[in-house]
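**Student:** Letter by letter, the chains look like this.
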Amino acid sequence: MSPRVAVVGAGMSRFVRRAQETGKELSWIATREALASCELKLDDVDAVCLTSAPDAFDGVHRKGDYLADGAGAWAKPYMRTYVGGGSGVFTAIQGWYTVASGLADVVVCVAEEKMSSCQPHPQGAFLTIFDNILERPLGPNLLWIFALEMQRYMQAYGLDKRDIAQVAVKNKRNAAEHPAALLGQADITVEDVLGSETLAWPVQRLDVSPISDGAVAIVMASEDAAKRLTDRPVWIQGVGWNLDTTYWTNRDLAYPEYVENAARMAYGMAGVNEPRKEIQVAEPYDPFDYKELHHLEGLLLFDRGKAPEAAADGVTARDGDLPCCPSGGLLGVGNPIAAAGLMKIAELFWQLRGEAGARQVPGTPERGVAQAWGDLMQVGTVVVMGNGGGPLATATQSPPFAPRATSLSDQEFRSATGAVEQRLDTRYEWDPGEAIGAVLDGLREQRILATTCISCGRTLVPARKFCERCFRPTDGWTEVPHTGTVETFSICHVTWDMRPLDEPQIPAVIRLDGTSEGGFLHLVGEVAPDDVRAGMQVEAVWKPAGERVGSILDIEYFRPLEPELRRELVAVAAVELPVEIAP
Amino acid sequence: MEAMALRVGVAGIGWSGFSRTTEGTSYKELMFEAARSAYADAGVDPRSDIDSFVCCSEDIEEGTSIFDEYVPDQLGAVQRPVQTVASDGLFGVATAVMLIRSGVASAVAVESHSKASDVVSLGRVDRFAMDPVLNRPLGVSPTALAGLEMRRWLHVTGRSESECADVAARNRAHAATNRRASYADVHDPTPLFDPLTREQTAEPADGCVVLVLTTEERTPEGSVFIDGVGWSQDAPSVESRDWDRAAAAERAARAAYDRAGVEPGDVELAEVDDTFAYKQLQHLEALGLSDLAEDRVNPSGGALGEGHLREANGLARALACIEGLRSGDARVGLAQSWRGVPSTSAAVAVMRR
Amino acid sequence: MSPTKIPGELSVSFRYTPGVGNTAFFEGLRDRAVFLGSRCEDCGVTSVPARIFCERCLAELEPSLECGPEGELVSWTLVRVDVDDQPLERPVTYGLVRLDGADTVLLHRLLHTGGEPAIGERVRAVFTSPREGSMLDVEGFAPVADGAGP
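Residue numbers (our numbering), protein chains in the order written: chain Z, 36 to 618; chain E, -9 to 343; chain H, 132 to 281.
Watch out, some of these pointers could steer you wrong.
Said to hold, decoys possible - One-sided excerpt, in silico: chain H residues whose CB lies under 10 angstroms from chain E:
(1) Y147
(2) N153
(3) D215
(4) L237
As the list claims (entries may be wrong) - Selected chain H positions facing chain E (Cβ under 8 angstroms, derived; list incomplete):
(5) L141
(6) S206
(7) V212
(8) D213
No wet-lab data here; the hints were simulated from the structure.
We treat Cβ as the ideally placed atom computed from N, Cα and C, and that holds for glycine.
Extracted from the complex, chain Z is given alone in its bound form:
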């Protein structure tokens, strides 16, 4: 039985598109409000936990060290944890174990993100999250993976885009009551979402949360300290986190198993046996509207494929049976990645104290769940919080302070005194190692090589020297056919920095014949976008022998196996990558 740990205070900056403040200053704004909210001084804090998503957003290597002063870490034990988009909720888990370990009584947890530094568009940073050797040469766009997952989710359960768009409407409307929100909109409709620009089908502009700058902080305390500090502590009842395989193209994207695993861990610790009855408010992670639904299913709050129907029926509305994202979520409040996750914990803190003001869910909620997600559609972080059934306060203003941050217009941002432009000028020479080295040799010889594991009987593509399921070296090499099936696909209309493409690109996860679940990311060509279907048979189109160099681009693209589906090739080539804007 772990010791009890409570959240006793919360603070946040306003979420803005371009902050004048540095990441340090944003962190300070949030930390100061969090401490003030429970009348603590920095001297009362034993340790500081921080999180922030990729260094390539803020543009600072070892961003944790850089942000230390703003987070209040001067002369204190301080550590940054990091699980991609799952980080914001994870930092509350970090705070929990720091206190539960007995090594600290009072900790501050801070989550910061300043995405506006990244030029010309923060999506540039996302290009660098893909596999350095097998995926990045394809010029993958972050929207691709969301579109591929959303398409698979819709296709697996026969979902209607209209039901999914309801989530964006609900959250942006909820955010209209949040004073820190960037994108609250009380009058938005489903038609607005369905009529917004198509970025990468099925993803449209209003399905997506906006890039933002901001920071959030909470104060956590041991049971003794919590009781001393407040008469309404909100207890951390359960924590869970889980990371799935790197090989995302080997997974069925229809269901987030890792979220379920994390939820089961957290529910187990919280003693929650029937989450649908025992959870009264949820803050699932919603960077895209379908993700909220996907995650509600992973959290076991709805049957697989059934969350969209429930959302359409109003079950997840603020006054519904299970209010979801009453804060307004990432879609409405904004998405400074790590900060947005911790914002969900702060919202549950306010909701479970009765301090959510105009956003307060009806009744007397006793328990809530917050969840975030991240990496390559791979990590789930879950926290269950409860008030122990105590009486709720009432508040007219929530949060109980005016969230600060100075929002710059694009022109003010461009002309700011003292602003500095720099390019990340690090260079690498990646060692492909034995497995990927052999794969690249194979590609040059027009062969697709896989490794095999006799223990689980799988044929592994992309090839690796270890079987991750059995944790043993693989047993040998085999060659797999150049044909396969389109597992899921997208019709992408924009470049990585959101400029329109003349001809759409068709990224797809190709499941190769003769593999267990193996496949990889590539492009489909010689086909009309309207004719592409999940399940379509395709074959690799190779570069001529003299032009193959040992690269994933030795396969130019995949085309329909059925000749009647083929048409003249228009364009499949990878779009141009970011160019330097400063010396």
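Put chains E and H on the given structure of chain Z with help from the hints.
**Tutor:** Here is chains E and H on its own, set in the frame of chain Z:
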């Protein structure tokens, strides 16, 4: 602070690489090899016996954003609790201690690695850790901070450049008998950032270290135990940090000693950060170990002798310390890390056998 | 054979706003050639460049105190290699300077022409003209004895 009532045991150690380059082996393959040997040493199957995994890494060092994505498979950690600690490996050890003491895990694997040979421009990686507005526009190498700190420290303490040169020579001599050492034979007094010279600067190396840490009940008898951990932070800014002493290491050491219930005088073996030779002396002072016999300080040769494993350097120090304790050379040992320029983060682990 | 090493980079560029504290600091440098700092009365610490918060207690600070332009040399180094570890044609001296009135230091170039710098010696900022609002508005620090002062 109270002594730690719950002890955490070192059930297994494993490593790979520890050479100037590891050509033909990818970082994943390097990690797999170290993890396998650590799990074999601990006699555990990671798919069923390890509750939580901690990887210590930084994105720009790896050349991949959200490097957390790329760690689970080769550690046996797929669909398990995995997290990244964006810091040196000893911070991962502290995290494992907390996870175990909180009751959420009874066995934790801690991993950190360096594939420095994949990085063409380590100096540019480090430069991106400097303040973008206040420091980077000067265009100076971040290692200049070590030159500045060394001169200041010599001035404040009255220590001499030749004492620092002796540290470098001694560590490299210690390294001569260490099979993990790649830089035992460096003798190059070329000045780089006066008074700092090349032979007083650790050179990068590739390698990976994995530790398996467990609750006392799950730790085999006679194992090494981690009895105290501490970690701390000085002001991150070049402008406001304490230039006269290793303030973070002092605070980290105090916390670790208090938790372990030991005093500096009890320490019989120390593996401390020697990214630069003067740092070894400065760190020993911060740890209260200036009087420890020379053959008891970095008998492995430290990073000067082994090569610097970047964020894995703290685990390399811990590994050497654990081996020393296992061999019976000492009863109480200490490992300490500092994250290198321009950082002011430090961590300490106090161990007992 | 396929390549044994795959070249790559992180093709990302950044535009950093200096923040609220540094904006005041850079405006002071640009418009008046002064170093603006901020003082936390509770902690008794004056920071240059100015900050909007005290890093020791998180109190809100005003960028209102002028420090320098003279100060004391806290340390110095002769930089002989560049960021890629390649020898510089002409080594450059950098120093840490504690401006009069400040408790913190500035990292910048030293403009000594004859003789080695010495810890504790008095130095004075040399400003460029025109100035744009950047650390490079300061050319460096010269020994006061050299007559670099007014």
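**Student:** All the hints need checking, so say for each whether the structure fits it.
**Tutor:** Do the hints match the structure? See the list:
| no. | hint | result |
| --- | --- | --- |
| 1 | Y147 | holds (4 angstroms) |
| 2 | N153 | holds (6 angstroms) |
| 3 | D215 | holds (6 angstroms) |
| 4 | L237 | holds (6 angstroms) |
| 5 | L141 | holds (6 angstroms) |
| 6 | S206 | holds (4 angstroms) |
| 7 | V212 | holds (5 angstroms) |
| 8 | D213 | holds (6 angstroms) |
In summary, this structure violates none of the numbered hints.
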